[in-house]
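> From first to last, the protein sequence lines are chains A and B.
Quick note: the first sequence uses our numbering, first residue 537, plus one each step.
Quick note: the second sequence uses our numbering, first residue 608, plus one each step.
Note that these hints are calculated values from the structure, not bench results.
Treat the hints with care, as some may be off.
[Stated by the list, open to error] The following residues of chain B were derived to be distant from chain A, with all beta-carbon distances above 10 Å: (1) E631; (2) S648; (3) H662; (4) V669; (5) R680; (6) M704; (7) L744; (8) I793.
[To be verified] Ranges of calculated distance between the beta carbons of each label pair, as one might list FRET restraints: (9) A:A768 / B:A778: 27 to 35 Å; (10) A:R760 / B:G731: 42 to 50 Å; (11) B:A778 / A:T899: 49 to 57 Å; (12) B:L733 / A:D646: 52 to 60 Å.
[Unchecked claim] Cβ-to-Cβ under 7 Å is the rule here; a few derived chain A residues that face chain B: (13) G759; (14) R802; (15) Q810; (16) R885.
All figures in this text were calculated on a predicted structure; none of them were measured in a lab.
All C-beta atoms, glycine included, are put in the ideal place defined by N, C-alpha and C.
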Amino acid sequence: MSTDHFKALFDPRAIVVAGASTHPGKFGFVALHNILSCGYAGKVFATNRERAEVLGRATFADLSEIPDGVVDLMFVCTPAASNPELLRQAAAKGIRAAFIASAGYGESGDEGRQLQTELVELANELDILVVGPNGQGLVSTPSQLCAQIVAPYPPAGSIGIASQSGNFVSSFMNLSRQSGVGVSRAISVGNAAQVGVIDMLEYYAEDPETSVGLVYLEGVTDGREFADRLEAVCRRMPVVIVKGGSSGSGAKAAASHTGSLATDDRVFDGMCRQAGAARASSVSEAFDIAAAFATLPTPSGPRLAIVTTVGGWGVLAADATATTSLELVDLPDDLRTTLDGLLPPRWSRNNPIDLAGGETKDTVPAVLDAVVGHSGIDATLVLGMGIQSNQGRLEREGPFFPDHGLERIVAFHDRQDSRYVEVALAASVAAQKPVLIASELAIADPTNAAVTAVREAKRYCFPSAERAVKALHHLYRRTQWLDSFTDEPSS
Amino acid sequence: MTTTLSESESKALLSKFGVPFLPEALVTSPAEAVAFAASSSSPMALKLCGANIAHKSERGLVHLGVSGADSIRDSCQKLLEAARPEDNATGVLIAPMANGLREFIAGISVDPVFGATVVFGLGGVLAEAIADVTVRLAPIRRHDAFDMLASLRSQSLLGDFRGEPAVNLEALANLLCALSTASSEIDGLVSIDLNPVMIINGMPVALDALVEIEQPGTAA
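Model the full assembly from the supplied sequences, consistent with the hints where possible.
The following block contains the structure:
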């Protein structure tokens, strides 16, 4: 399938929903509802056998009634048996892409498998890109398109999602909504009859809207070809993969879910490392890594500095680096001298850089600038942002507010936390090095001033230091992998 | 149908690709064994060699730490006499005793989905329980070989260990690359098993090798 087919899928000039329903509980209703509710600007047509009005819109009884050469994408909610005729009609109208939500195909026995084979043969013959069947749909924020039978619609961004299971698309997009780190395209490939996850990744790799691929996989059937294509994608764009079926019992469940062959998990793991993809073990870890790739420059080396306002967090963060490719460097002498001049004598004088409560209005920005900008530091993790405004919240919600000077100090706390975050992120941009901010407040209190400031800067507030370290590890692994091709020619 | 090469054939084949083995000889008489042993001051290991010999140790076909001309002559004679017709024995392999505390396994095996893979892991008696094994698709690049070593959970075994020097990672990576090359170049290769790969003075040496090959003219 050509790039034009994928453009018709993700950025269609107009859409038709085949099988729109008046019943708000049916896919044919939900799909139309979602397309009409998220800002899509193109024309939207719908078919309904009885020409019933759906969501206040007139429908067509048949695809033949819609105008020629206008619609690019058809979203199919009709029963499997009627779809071959539908595809023929679509081709006659110049439709280039179809997303098939209908079930009753390869997932449901021999007869369904036969229908699926015929569907692909027909689509190939008609030169139509068919995604699915048995998929939940697609999202494309550049076109404000939410053509799916489930929620949510995520904020715009540069993460491209492709999944063998529709529910994982929803999971990733829920995390996108929560964190504010947005999505460019998202698609569930369902039974992957004609095209699969790897085809989507190949399109994302050439898509200017997408900077990182985020994938849920249960299995691959064409192992060697998949590995080669994945490596080619990873040469152009980072890819994060979470794979179900890594344990014996998980593999059994995956085989019955997608009909894919179980493979030794160690082989899959090695394949990912070789092909340059980051492998995650959970949805949240995968999103952490994808969000890191989407919002941070990759570090050119492993030397990590941890800056923390208090000791304990730095200790755990230091522990977390132990099993990674990162190096908690001894502070360079000149940096230590610089910090001596900025901080009270009780500061840790090494890495983690524990400010020991010695921060004043201007020390935190000065320390961050000095650390992030130093040539001996490749990446910086900042801990303890938001604690001032967290106290501010307690005061604001307490019985003494706004008297006793509380109103002024609460506003000051909020301003300080916002400023610290802004300084950290500005230092990251200036030095072209990753600066990661981590706090459980990302989840515990998304309205916290520091968390809000990270979000408004379109960055990711990592929910813990350990998760930030793990994501950074994968960023550095990509640097190493890309470097390995210049050190040694590709085989 | 697949066929398994004898230990000495396997070693001869893999040596060409750079897999390191101990200096050893395939002898067919006690006199030859004694002559080989004279080249070294170490005690010798002797084992019966043949394409179809399984359970060598259980059948008493491995004699370790044999020293002195008389003992070597006697050991060789006993091994030759112990051969059964179905063993397809080609002689006795004799080599100096290897001493090392660390054992790894390395090889090539075929995954049903991804095809030929290079496998490296912890060896020795606890290997199965610890299951510290890392796999890559063949062929591998040097970067992949070093990444395999870095993927091992038992990293402490690659450093200085109980008085033995650190493993020469370069040499170990070379061994994995040699296996990878062998898997591309040996027609009909099904599997390679190096077990154990012992670390001797920091250098990896394969003490045993088995190569399995698809017989020409038969389907997989």
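> Provide an ascending list of the numbers of those earlier hints which the structure does not satisfy.
Hint check: 7, 10, 12, 16 fail, others pass.
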